[in-house]
Amino acid sequence: MTLRVAWLLARAGTGSRAAAVLPIVAFAVVTALLLAVAGGAQAFWSWRDQTAGVYQVLSAIALALLVVPLLALGGSAARLSARRRDDRLSTLRLLGATPATVARLTVLESTALALAGAVVGVIGYFALVPAVALIPFRAEALGIPALVLAPWAIATAVAGVAAVAAVSALIGLRQVVISPLGVRTRQNAPRLRWVRVVVGAGVIALALALTNIVQIDVGITVIAIVLGCLFGGTLAVLNLVGPFVLRLLAGRQARRARTAAQLLGARSVLESPKAAWRQVSGVAMTSFMAVFAGTGVAVLNAISGSEGATASDRALVTDIGTGLTITLVISFLMVACSAGVNQAADVFDRGDLYVNLGYLGMPRRIMDAARERTVMWPLVVVAVGSAAIAAIVVLPLAGYSLIVAPLSLLTIALSIAAGIGLVWVAMRLTRPVLTARLAAAA
Amino acid sequence: MASILSARDIRKTYGSTVALDGVSLEIEAGESLALMGPSGSGKTTLLHLLAGILTPDSGEVSWNEHGAWQRVDQMKEARRSQLRRESFGFVFQQGLLIPELTALENVALALMIDGVSRPQSEQRARQKLAALGLEGLEDRRIGQLSGGQAQRVAIARAQVADAEIVFADEPTGALDSHTSEEVMTALLGATTGQGRSLVLVTHDETVAARCSRLLRMRDGRIVQQTRSIPEHPGITYTEARS
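Going down the list, the protein sequences come from chains V and H.
Residues 55 to 496 (the numbering used here) make up the first sequence, in order.
Residues 110 to 351 (the numbering used here) make up the second sequence, in order.
Think of the hints as simulated: they come from the structure by calculation, not from any bench.
What you are looking at is a predicted structure, and each value in this text was computed from that prediction instead of being measured.
Glycine included, C-beta positions come from ideal geometry on N, C-alpha and C.
Be a bit skeptical, because a hint or two may be false.
[Unchecked claim] Ranges of calculated distance between the beta carbons of each label pair, as one might list FRET restraints:
| # | chain 1 | residue 1 | chain 2 | residue 2 | range |
| --- | --- | --- | --- | --- | --- |
| 1 | V | I446 | H | D223 | 42 to 48 Å |
| 2 | V | G453 | H | D223 | 46 to 52 Å |
| 3 | V | L483 | H | Q183 | 50 to 56 Å |
| 4 | H | Y123 | V | A181 | 40 to 46 Å |
| 5 | H | D223 | V | V434 | 44 to 50 Å |
| 6 | V | I446 | H | E186 | 47 to 53 Å |
| 7 | H | S112 | V | V479 | 19 to 25 Å |
| 8 | H | H175 | V | L464 | 57 to 63 Å |
| 9 | H | H175 | V | V479 | 43 to 49 Å |
Required output: the full structure, derived from the provided sequences and hints.
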């Protein structure tokens with residue numbers, strides 16, 4: 055029965071079809087980037103020489119860094135497809151469908167859209183491969199054969215994307231109450247407790263204990279696993295503390311807001327600090343690593359220029375820099391996609407409100423400015439904040455590299471600025487969605 | 110009484126559907142006008158045309174701005190938005206307030222959009238909320254208010270800029286009869302009670318009966334007009350219109 059109803063809903067009018075395109079595009083981007091990154095990692099893990107281990111560990115770190123923005127983008131797309139159906143789902147409840155049926159329908163549809171997107175993403179991945187193959191590591195291009203994944207790996211990635219969609223759809227449903235009388239969202243602003251900070255401190259202590267294990271003479275695989283866990287732990291801490299920090303800052307900004315756009319932007323972040331954090335959290339770790347590792351690379355670069363360094367040393371330092379830039383670009387690309395999808399979903403969700411704000415005489419530029427602030431402000435806080443913290447942690451090295459290799463640090467700063475610019479462009483691209491919604495009501 | 114808004118022979122079609130078919134009317138300062146009629150009769154379209162939200166296919170909508178008549182239908186969207194911010198107020202069926210803002214912020218926002226400073230906006234918003242019996246609820250979010258309280262916040266928002274005329278689309282449509290009566294009292298008090306005008310769309314005869322004039326619409330035309338006679342409360346004068 056669920057399948058039949060899902061098919062009926064899927065056959066809805068053209069407006070509905072247009073709306074389904076957004077999550078499909080997002081899932082396609084997720085899959086294409088995931089496969090491209092996995093292909094790159096595969097290339098490193100096929101090496102067997104002396105320095106291969108270093109590349110393998112670094113690729114594991116890069117993958118760990120990209121997991122969060124990947125999940126965030128997948129989650130955004132899934133929530134969009136789930137929330138888009140709110141009105142129809144409440145009608146189904148009115149007709150007697152049980153909450154379990156509604157949940158099954160939502161998961162089914164989100165998963166179907168994710169699968170469709172993932173298939174498009176696989177095509178996108180094959181389109182990307184020739185370009186990625188040109189990226190030089192160890193002074194020569196990676197090459198297409200090294201990047202092409204086995205069919206089972208591609209199938210696993212597609213299945214993984216679908217699974218993320220299914221889980222995210224269920225989580226998304228928890229945030230709304232779908233009753234026969236309509237869809238209600240939570241009315242009270244969520245409270246974030248200090249306990250997050252305490253748990254965060256505990257995870258850091260655990261991470262430090264893990265670091266000690268690495269000091270024991272163990273194989274490269276164990277080091278990679280431990281480092282992966284270490285990153286996972288740090289990301290978990292960031293996810294615990296990040297929303298709390300955003301809530302504190304947004305609360306302060308809401309109190310001090312002088313313009314309508316500032317007030318609306320700050321209140322939107324305050325409404326769901328977790329959602330605001332989720333969109334930009336991937337950038338936190340990437341920015342931190344970009345400065346942290348980038349400073350190291352800059353110093354190494356300076357040292358490798360000296361007479362004692364081998365050609366292999368110099369190649370490694372150059373390659374770490376290349377890897378950092380790629381990780382940073384992909385991370386920001388995913389955040390940009392995620393922000394774009396979320397904002398488009400917001401216009402669909404709150405279409406009536408925007409239309410009526412237009413009736414009240416609110417200019418569209420204020421609506422756009424308010425929407426953009428909900429993403430750009432947390433993004434700048436997180437990117438600059440994380441980069442600043444990293445710079446403080448490695449202050450002596452940062453100071454040294456600023457003198458001996460200012461160009462390397464400038465490249466990192468420009469990469470972060472370009473990433474922020476990329477997200478800003480993605481936000482601008484959602485303006486026509488609002489324009490179309492307002493025009494449809496006129 | 111002086112006319113402040115005028116519509117002459119306005120027509121509006123959506124594809125092949127005629128929503129308004131040559132409607133003319135004058136709205137006077139300080140009057141309350143109810144628009145009634147079955148669904149699809151054109152009452153909301155008429156409200157939107159009068160408020161400058163839509164423009165007619167033909168005919169004129171004019172606004173009397175301090176004695177100088179201005180063609181609303183010929184204004185650019187930016188100018189019509191400005192007119193809606195400065196001179197018109199709106200109350201919708203569900204209030205359509207911004208859920209993440211407090212009651213005070215929702216009302217103050219209407220002024221902040223127009224460039225008024227936040228402290229000044231909030232001061233005026235506080236006064237309007239207090240006048241509507243919402244003192245002490247300023248910092249509550251919309252979801253923490255009852256339906257009637259939320260509609261009173263919407264009324265405060267509509268009148269915070271001292272709008273000359275308030276347009277209300279089914280302002281009591283989602284309320285029970287008791288709350289509906291309270292909201293109408295608040296709405297009339299904040300508009301005609303202050304010498305301002307009110308134009309409202311309603312399906313509720315009780316609500317319409319509290320207005321000084323009632324226009325009944327059918328198939329995009331005004332078919333009947335009923336005026337109450339101020340000297341004789343309860344007695345009305347009805348005329349058919351074609």
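- Query: Should the hint that I446 of chain V and D223 of chain H are 42 to 48 Å apart at their CB atoms be regarded as holding?
  - Reply: Given a distance of about 43 Å, which is inside 42 to 48 Å, the answer is holds.
- Message: I want to verify a distance hint. Is the separation of the beta carbons of I446 of chain V and E186 of chain H within 47 to 53 Å?
- Response: holds, 50 Å
- Message: 44 to 50 Å was suggested as the range; check whether the CB atoms of D223 of chain H and V434 of chain V agree with it.
- Response: Given about 28 Å between the Cβ atoms, the range is violated.
- Is 50 to 56 Å a correct range for the gap between the Cβ atoms of L483 of chain V and Q183 of chain H? Given a distance of about 34 Å, which is not inside 50 to 56 Å, the answer is violated.
- Item | Cβ distance range 57 to 63 Å for H175 of chain H and L464 of chain V, holds or violated | Holds, since H175 of chain H and L464 of chain V (Cβ atoms, about 59 Å apart) stay within the stated range.
- Task: Starting from the range 43 to 49 Å, see whether the pair H175 of chain H and V479 of chain V falls in it by beta-carbon distance.
- Result: holds, 45 Å
- Whether the CB-CB distance between Y123 of chain H and A181 of chain V falls inside 40 to 46 Å: Given a distance of about 43 Å, which is inside 40 to 46 Å, the answer is holds.
- Message: Does the beta carbon distance between S112 of chain H and V479 of chain V stay inside 19 to 25 Å, or does it fall outside?
- Response: violated, 50 Å
- Range hint 46 to 52 Å: satisfied by the CB atoms of G453 of chain V and D223 of chain H? Holds, at about 50 Å.
Hint check: violations occur at hints 3, 5 and 7; the rest are consistent with the structure.
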